[in-house]
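Asks: With the sequence shown counted from 1, adding 1139 to any position gets you our numbering.
For the record, the hints were derived by calculation from the structure and aren't laboratory data. Some hints could be false.
As the list claims (entries may be wrong) - Computed Cβ-Cβ distance ranges for the label pairs, DEER-style:
hint, residue 1, residue 2, range
1, 1176, 1147, 28 to 38 Å
2, 1147, 1167, 42 to 52 Å
3, 1149, 1169, 24 to 34 Å
4, 1156, 1176, 24 to 34 Å
5, 1173, 1153, 42 to 52 Å
6, 1148, 1170, 39 to 49 Å
7, 1172, 1152, 42 to 52 Å
8, 1170, 1149, 38 to 48 Å
9, 1168, 1148, 39 to 49 Å
10, 1152, 1174, 36 to 46 Å
11, 1152, 1173, 25 to 35 Å
12, 1151, 1171, 42 to 52 Å
13, 1170, 1150, 24 to 34 Å
Given the structure is predicted, the values throughout are model-derived calculations rather than measurements. Glycine is no exception: its CB is placed at the ideal position from the N, C-alpha and C atoms.
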Amino acid sequence: MKFEQITPYADYKLIENIINYPIKIRIYRKLMLGLLKN
């Protein structure tokens, strides 16, 4: 029972990470460009 409860949550976190990854890269690039300009 526990395994069945954990699996959908793990899949959800994986999908969430895949969706958020490009957003994190964009934010990181903006921060790095801002630091290089100053």
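Asks: The structure should be examined with respect to each hint, and the outcome stated for every one.
Replies: Okay, the hints, checked on the actual structure:
Hint check: residue 1176 to residue 1147, Cβ distance near 44 Å, so the stated range 28 to 38 Å is violated. Distance hint for residue 1147 and residue 1167: a CB-CB separation of about 30 Å, inconsistent with the stated range 42 to 52 Å. The given range of 24 to 34 Å is respected by residue 1149 and residue 1169, whose C-beta atoms sit roughly 31 Å from each other. Checked against the hint of 24 to 34 Å, the C-beta distance between residue 1156 and residue 1176 comes to roughly 30 Å, which is consistent with it.
Under the hint 42 to 52 Å, the C-beta atoms of residue 1173 and residue 1153, about 31 Å apart, miss the expected range. For residue 1148 paired with residue 1170, a C-beta distance near 30 Å fails the hint of 39 to 49 Å. For residue 1172 paired with residue 1152, a C-beta distance near 30 Å fails the hint of 42 to 52 Å. About 30 Å separates the C-beta atoms of residue 1170 and residue 1149, a value inconsistent with the hinted range of 38 to 48 Å.
Taking 39 to 49 Å as the suggested C-beta distance range, the pair residue 1168 and residue 1148 does not conform, at roughly 30 Å. Here the CB-CB span from residue 1152 to residue 1174 is close to 30 Å, at odds with the stated 36 to 46 Å. Between residue 1152 and residue 1173 the beta carbon distance is about 30 Å. The supplied range of 25 to 35 Å therefore holds. For residue 1151 paired with residue 1171, a C-beta distance near 30 Å fails the hint of 42 to 52 Å.
The supplied range of 24 to 34 Å is met by residue 1170 and residue 1150, whose beta-carbon atoms lie about 30 Å from each other.
Consistency note: the structure conflicts with the earlier hints numbered 1, 2, 5, 6, 7, 8, 9, 10, 12.
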